[in-house]
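Residue 175 in the UniProt record's numbering is what sits at position 175 of the sequence shown, and the numbering runs on without skipping anything.
Heads up, a few of these hints could be off.
What the hints assert, rightly or not - Computed Cβ-Cβ distance ranges for the label pairs, DEER-style: (1) H86 / M235: 16 to 26 Å; (2) L190 / Y30: 33 to 43 Å; (3) Y30 / F187: 28 to 38 Å; (4) L80 / I158: 15 to 25 Å; (5) Q152 / L126: 21 to 31 Å; (6) A15 / F187: 20 to 30 Å; (7) I70 / G144: 34 to 44 Å; (8) G191 / R83: 52 to 62 Å; (9) Y84 / S51: 24 to 34 Å; (10) Q162 / I24: 28 to 38 Å; (11) G191 / Q162: 22 to 32 Å; (12) R46 / F187: 22 to 32 Å.
These are calculated hints, taken from the structure and not from any lab test. All values derive from a computational prediction rather than experimental measurement. Note that CB positions come from ideal geometry on N, CA and C, so glycine has one too.
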Amino acid sequence: MHPQHSLPPPPSFDADSTLGALLIGVLVSYMLFGVTTTQTYIYNGRFPNDSRRMKALVACVWFCELAHAICIAHMLYVLLISRYGHPESLTNIPKSLVASILFNAIVAVCVQGFFSYRIYRLWKKLYVPLLAWTLSFLFLGATGVVFVIGLQSLPYQIFEEQWGWLLDSLWGVAAANDLIIAGTLVFWLLGRRGGSAEFGDRSVDLVDKIIAWSIETGVVTSAAAILNLACFVTMKNNYIWIAWYVVTARLYSNSFLASLNSRATLRMMNEMSPSLPYPIHSSVNTEAPDLAFLDEMRMSSMRTSFQSSAGPKAM
Numbered sequence: 001m002h003p004q005h006s007l008p009p010p011p012s013f014d015a016d017s018t019l020g021a022l023l024i025g026v027l028v029s030y031m032l033f034g035v036t037t038t039q040t041y042i043y044n045g046r047f048p049n050d051s052r053r054m055k056a057l058v059a060c061v062w063f064c065e066l067a068h069a070i071c072i073a074h075m076l077y078v079l080l081i082s083r084y085g086h087p088e089s090l091t092n093i094p095k096s097l098v099a100s101i102l103f104n105a106i107v108a109v110c111v112q113g114f115f116s117y118r119i120y121r122l123w124k125k126l127y128v129p130l131l132a133w134t135l136s137f138l139f140l141g142a143t144g145v146v147f148v149i150g151l152q153s154l155p156y157q158i159f160e161e162q163w164g165w166l167l168d169s170l171w172g173v174a175a176a177n178d179l180i181i182a183g184t185l186v187f188w189l190l191g192r193r194g195g196s197a198e199f200g201d202r203s204v205d206l207v208d209k210i211i212a213w214s215i216e217t218g219v220v221t222s223a224a225a226i227l228n229l230a231c232f233v234t235m236k237n238n239y240i241w242i243a244w245y246v247v248t249a250r251l252y253s254n255s256f257l258a259s260l261n262s263r264a265t266l267r268m269m270n271e272m273s274p275s276l277p278y279p280i281h282s283s284v285n286t287e288a289p290d291l292a293f294l295d296e297m298r299m300s301s302m303r304t305s306f307q308s309s310a311g312p313k314a315m
């Protein structure tokens, strides 16, 4: 008989919190990608008169989401099929996961840049948009560093020990930027809400609807980034944080497209309110798509106040 060589004990492997969680996350992510695709189709059908740069931005977001979907599909195939029966290989980060992080960062920067530019168009002040743009590019630059490091095929434990702080910073910056953008939009809208009251309750309801959407957009994306950070910090020995990441990566594109497509709903609400001074047209400049009419309301209010104060002198 040949002498038997003792093998080292196999490492502990929990399929539920690793491959199982990852599989569920990817499936949910693909469901949200379907929502993104549907919203893109609706946008192209409803707003054919939008500017070319807006259409190009929508196309860029969708193609980056498609590339992200391809990357996470490849990652899932590598972990479930190519490395089947080798749980020890789960400590090596697939390059496709690293690539997906880069595509997600591009989408996030495009969406944050869009909302930041909207703030500039509405408020005519640069300090908040400049802060938001700076944070966005810091986020993109840090993601580029993670991408380059990830291509070196470092074991996950080494990557986490040396560069885990960078991922913490990424999600922290993203959450802070989303809150800044949403808070600024809500602050501006609340300042215009009083001026809209003179046009009737429906006008106030319209502004309240936009405020609610602005809060939801910022809170959802920032809360997702915070939860992603919490999962990474507290559950580094499993794939739950990766599963949560591939799901939350879709939130930016969906919030962006929902904001564009909501113009149809706002236009319908405006048509039901004859007290508003101007209609919201489907071809309105999308640099501030669902809020442009508020400036018109403000200017109309100023003209009305001026005429009232002038009285007989203006006759």
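We went through each hint and held it up to the structure:
The beta-carbon spacing between H86 and M235, approximately 22 Å, falls within the hinted interval of 16 to 26 Å. Between L190 and Y30, the C-beta spacing of about 38 Å keeps the proposed range 33 to 43 Å intact. At about 37 Å, the beta-carbon gap between Y30 and F187 stays in the expected band of 28 to 38 Å. Under the hint 15 to 25 Å, the C-beta atoms of L80 and I158, about 24 Å apart, fit the expected range.
Distance hint check: the CB atoms of Q152 and L126 are about 39 Å apart, inconsistent with the given range 21 to 31 Å. The hint said 20 to 30 Å for the Cβ distance between A15 and F187, and at roughly 48 Å that hint is violated. A beta carbon spacing of about 20 Å between I70 and G144 contradicts the range 34 to 44 Å that was offered as a hint. Under the hint 52 to 62 Å, the C-beta atoms of G191 and R83, about 56 Å apart, fit the expected range.
A hinted range of 24 to 34 Å is violated for the C-beta pair Y84 and S51, which are about 49 Å apart. A C-beta distance of roughly 29 Å is found between Q162 and I24, which places it inside the suggested range of 28 to 38 Å. As the Cβ distance of G191 to Q162 is approximately 46 Å, the hint placing it in 22 to 32 Å is violated. Between R46 and F187, the C-beta spacing of about 29 Å keeps the proposed range 22 to 32 Å intact.
The structure fails to meet hints 5, 6, 7, 9 and 11 from the earlier list, while all remaining hints are met.
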